[in-house]
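Go ahead and model the full structure; you've got the sequences and the hints to work with.
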Amino acid sequence: MKGFGSVYRKELYILFASPIFYSVAFIFLLISGYFYFSAIGYYNLYSFQASQNPMMAKQLNLVDMVMRPFFMDISIVLLLLSPLLTMRLYAEERKSGTIEFLFTFPISDRAAVLAKFSAVSTAYLVILAGTLPGVGLLGILGNPDWKPILCGYLGILLLGGAFLSFGTFTSSLTQNQIVAAVLSFGALLMFWIIGWLKNLVGPAMGEFVEYISITKHLDTFTKGVLDSRDLLYYVLFIAFFLFLTFRQMGSCRWRG
Amino acid sequence: MIEAEGLTKFYGSLQAIRDVTFEVQKGEVVGFLGPNGAGKSTTIRILTCYMPPTAGAARVDGMDCFERSLDVRGKVGYLPEHVPLYNELTVRRFLRFAASAKGVEARRIEGELTRVTGVCGLEKVANRIIGHLSKGYKQRVGLAQALLNNPSVLVLDEPTIGLDPTQIIEIRRLIQELREEHTVLLSSHILPEVAQICQRVMIINKGRIIATDTPANLTRQLQKSAQIVLQVRERASELIPFLESMDGVQGVTRQQDGQDRLVVETDRSRDLRPEIARLAVEKDMDLLELKLVDLSLEDIFLQLVTEEPSQEETAS
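Residue numbers (the working numbering), protein chains in the order written: chain G, 20 to 275; chain Z, 4 to 319.
In short, the hints are calculated from the structure, not lab data. A quick note: this is a predicted structure, and the numbers were derived from the prediction, not measured. Honestly, I wouldn't trust all of these hints.
Unchecked claim - Derived BS3-like pairs: lysine-lysine, alpha-carbon spacing no greater than 25 angstroms straight-line: (1) G:Lys21 - Z:Lys78; (2) G:Lys242 - G:Lys166; (3) Z:Lys29 - Z:Lys78; (4) G:Lys242 - G:Lys217; (5) Z:Lys138 - G:Lys114; (6) G:Lys166 - G:Lys77.
Unchecked claim - Covered stretches of chain Z (chain G as the covering partner; in silico rule of three or more C-beta atoms under 8 angstroms from a C-beta of chain G): (7) 51–60; (8) 76–87; (9) 96–107.
Ideal placement from N, C-alpha and C gives every residue a C-beta, glycine not left out.
In structure tokens form, the structure reads like this:
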């Protein structure tokens, strides 16, 4: 892990010095804020109606009615924006030739991949932290059950990690940032919608495509269920694409 | 200090270098000379562990560049060709990154930065963003980066390319100062530069090393024929048939650039100057000038890169 710290700090500095981070953060918080606002709005509307109907009032639940749709919505925004955070990680270094430094300084390839991924994950954490004040308001205005909310945040963190890991990989494939972003966006969308095939491909295959589908696993997290299968899915997803990135860098080396 | 043994590199089916073998002793300054595309950068990139060779082995300080890559990289300071830099960073921040990546301990980093910015004359621009610097300063930032942590081997790929003449002189002076503490391997396609800075020159063409020697020896060794320049006051043309019939003369050409001069190509094994002088006196001519011309490295280089392939072709 030689050189992890120095690459991590450099990446973080470049990320925070670039306008990409700020525009991504701005758009992410704007849209997720809008989603959050509308979810709360609907909850309000619903609770007015519920005041006349005791049956409806039983179903009123902040987690189910506000946080779950909110998590699902920000996962969509994340799908759109995460490729923009990761696209320059390797593509830029290869294009500008600074990859020569990464390859000739005493930094192991593994450390470089992990440092880049960690830096971009840190940026993601910072952006995600921007949603906390809004969610914190729930605690002042109502009395939500925090555990499923925490669980949901863990899910959205892991989902984001999976997106970023995949984006890191596509960035290592090309010298062109746009191509990296498009590849990452397209493939992640495919991972998203592959679950739709479930009913078309027979029972055994159906189960498989459903397990592969990237958002299916978020669903259980937002319900407040911490299932080791889902946890394992994201951890393996992240590890697998970081490993592929590592191999891809090795391949770049050999090809010169 | 640096050993290359039968280095061969293929890019796909394209062979960039073949069977490159050489050695650089500790404390030597060696120049790598060749036209563009000769394989200089490929060889250098193998030595700096940027990429592994297809065949052969490279060693720095006895350590294999492939097997102990990280150790070798810690010993080598490398200035890549075209000096890629992180344009978003300030000079200081970039150097700080490079220093920590090279394993300079945190408490020594500031001192190390002060040292290299001083050596490379970067104090004034230390807090400026690299993207805004001129080409000359960027080159110096590249050099400063290579000097961090005082590596025992410096590998400089085309250190003066794209610089204006004053900057070139500065960089050359800098490299000459460095030779005291470092083993230096530098590549160039500018011949006078190599002749000035280096103790030894390796000439590479089409992926093969075709000559290795000191600039002076190279000149001597490669002079297949010596040229004698002869100037007389008048009637120079009358001398030509006599000169041509002389033993050991290969050819005579008349140069008329303002002065009337004869260039006599002779066998290198014999010095014909006394005989030519006698001849001029016999013919009752006023001898104004008579000198042996040393081939400049440029001529040798031109000879090498234009002649070697044709010899090879005739051989095959």
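Okay, the hints, checked on the actual structure:
no. : hint                : verdict
1   : G:Lys21 - Z:Lys78   : holds, 15 angstroms
2   : G:Lys242 - G:Lys166 : holds, 10 angstroms
3   : Z:Lys29 - Z:Lys78   : holds, 13 angstroms
4   : G:Lys242 - G:Lys217 : holds, 22 angstroms
5   : Z:Lys138 - G:Lys114 : holds, 19 angstroms
6   : G:Lys166 - G:Lys77  : holds, 20 angstroms
7   : 51–60               : holds (count 5)
8   : 76–87               : holds (count 7)
9   : 96–107              : holds (count 7)
The structure fails none of the hints (numbered hints given earlier).
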